[in-house]
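Residue numbers (our numbering), protein chains in the order written: chain D, 214 to 391; chain V, 214 to 391.
Everything labelled a hint here was simulated from the structure, so no lab data went into it. All figures in this text were calculated on a predicted structure; none of them were measured in a lab. Be careful, since some hints might not be right.
Identical copies carry no separate label here, and so any pair may be met within one copy or between two of them.
[Stated by the list, open to error] Below 27 angstroms or equal to it, Euclidean Cα-Cα: the simulated DSS-like pairs (lysine-lysine) are: (1) Lys-376 to Lys-231; (2) Lys-386 to Lys-348; (3) Lys-391 to Lys-348; (4) Lys-348 to Lys-277; (5) Lys-310 to Lys-277; (6) Lys-386 to Lys-310; (7) Lys-277 to Lys-386; (8) Lys-310 to Lys-391; (9) Lys-231 to Lys-277; (10) Lys-310 to Lys-231.
Each chain, letter by letter, is given below.
There are 2 protein chains.
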Amino acid sequence: MMKRSENLDIYETITTRKSVREFQAKDVPEEVVARLLEAGRMAPSASNRQEWRFVVVRDLQERKALGEAACGQTFVSQAPVVIACCAETDDHRMACKQLCYPIDVAIAIDHITLCATAEGLGTCWIGAFDEDQVKQILGIPPEIHVVELLPVGYPADPSPAEKHRLPLARIVKYERWK
Amino acid sequence: MMKRSENLDIYETITTRKSVREFQAKDVPEEVVARLLEAGRMAPSASNRQEWRFVVVRDLQERKALGEAACGQTFVSQAPVVIACCAETDDHRMACKQLCYPIDVAIAIDHITLCATAEGLGTCWIGAFDEDQVKQILGIPPEIHVVELLPVGYPADPSPAEKHRLPLARIVKYERWK
Numbered sequence: 214m215m216k217r218s219e220n221l222d223i224y225e226t227i228t229t230r231k232s233v234r235e236f237q238a239k240d241v242p243e244e245v246v247a248r249l250l251e252a253g254r255m256a257p258s259a260s261n262r263q264e265w266r267f268v269v270v271r272d273l274q275e276r277k278a279l280g281e282a283a284c285g286q287t288f289v290s291q292a293p294v295v296i297a298c299c300a301e302t303d304d305h306r307m308a309c310k311q312l313c314y315p316i317d318v319a320i321a322i323d324h325i326t327l328c329a330t331a332e333g334l335g336t337c338w339i340g341a342f343d344e345d346q347v348k349q350i351l352g353i354p355p356e357i358h359v360v361e362l363l364p365v366g367y368p369a370d371p372s373p374a375e376k377h378r379l380p381l382a383r384i385v386k387y388e389r390w391k
Numbered sequence: 214m215m216k217r218s219e220n221l222d223i224y225e226t227i228t229t230r231k232s233v234r235e236f237q238a239k240d241v242p243e244e245v246v247a248r249l250l251e252a253g254r255m256a257p258s259a260s261n262r263q264e265w266r267f268v269v270v271r272d273l274q275e276r277k278a279l280g281e282a283a284c285g286q287t288f289v290s291q292a293p294v295v296i297a298c299c300a301e302t303d304d305h306r307m308a309c310k311q312l313c314y315p316i317d318v319a320i321a322i323d324h325i326t327l328c329a330t331a332e333g334l335g336t337c338w339i340g341a342f343d344e345d346q347v348k349q350i351l352g353i354p355p356e357i358h359v360v361e362l363l364p365v366g367y368p369a370d371p372s373p374a375e376k377h378r379l380p381l382a383r384i385v386k387y388e389r390w391k
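Same shape as in the complex, but just chain D (with noise of 0.2 angstroms):
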């Protein structure tokens, strides 16, 4: 995988990466796309079903279209990439009777979007869309299902963003729950 000769930590990472819901009108290149989707492509999944597939959108209309379809969060259509994260899946479900694909295509996503912090760029997830409109405007067939929208851009505001997280204590349990 090709690297950014600038290091960030991952856990610098993690701490610096935001929401972000408006972006500058600077492009992303072609070839920092490409990191981003390798970042993808190399998440784990279960039993290395990899079924994640991405729609890689630039065209205005197309992400004016996603836009109103993602419930009136219309910066969406300002990024100059939208992904529309996706599954190709049989529902295969593990012993824990749970769907695998929601699972595996957030962690793909996840690398996505670290990475994209780490290249100075700005990422939102959205997962509230109307995924019939998602599906009509992207050709995406029935069987498919789209999890998240990810607009790509550069952040209008790139200064870090404070995190309002519940405590350590609150979420954390040691040896059992009670």
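With chain D's structure known, arrange chain V on it following the hints.
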């Protein structure tokens, strides 16, 4: 967030990460586990709902029981730390009708696995387990979902694994699916 002195680029981290199923007897220091959990805590989630919960297990008897609950993947108990990754959720769904919690817990776990790699640790996403059995072992209430088990330890074989992945052309489409 405390940082590890040795810098590992995010791309490098993603390429280096592998599923580890054999661990050294060496323990994982508490402060390292704390850094991993902190990285999980920094994850984004739908509407910042932060539904992820973690039960950190070091007790050998509990680990053995978890290994047995993991559908024969007894290597799970070999790791000095096993994290039961759960969701405390009202089963909120996005506009696309998708459940939020599997994706949001997966993002947090991905942060943990990548930081573990940077710390020289190995992990393995375990989605195959008997959820009722895991809940019984760890005293997890019925309304909580167990999403993954995550063994964490120093890998017996620290060499990077070769990843077998579909080519980019198979998983990426441009502008439209078809």
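Right, here's what the structure says about each hint:
1. Lys-376 to Lys-231: Within. Shortest intra-copy distance 8 angstroms satisfies the 27 angstroms Cα cut-off; inter-copy 29 angstroms does not.
2. Lys-386 to Lys-348: between (41 angstroms within a copy, 14 angstroms between copies)
3. Lys-391 to Lys-348: between (44 angstroms within a copy, 11 angstroms between copies)
4. Lys-348 to Lys-277: Answer is within: at 14 angstroms inside a copy they meet the 27 angstroms cutoff, but 46 angstroms across does not.
5. Lys-310 to Lys-277: between (37 angstroms within a copy, 22 angstroms between copies)
6. Lys-386 to Lys-310: This pair counts as within: shortest intra-copy Cα distance 24 angstroms, inter-copy 30 angstroms.
7. Lys-277 to Lys-386: between (45 angstroms within a copy, 19 angstroms between copies)
8. Lys-310 to Lys-391: within (24 angstroms within a copy, 32 angstroms between copies)
9. Lys-231 to Lys-277: within (23 angstroms within a copy, 39 angstroms between copies)
10. Lys-310 to Lys-231: between (32 angstroms within a copy, 24 angstroms between copies)
When the structure is compared with the earlier hints, no violation turns up for any of them.
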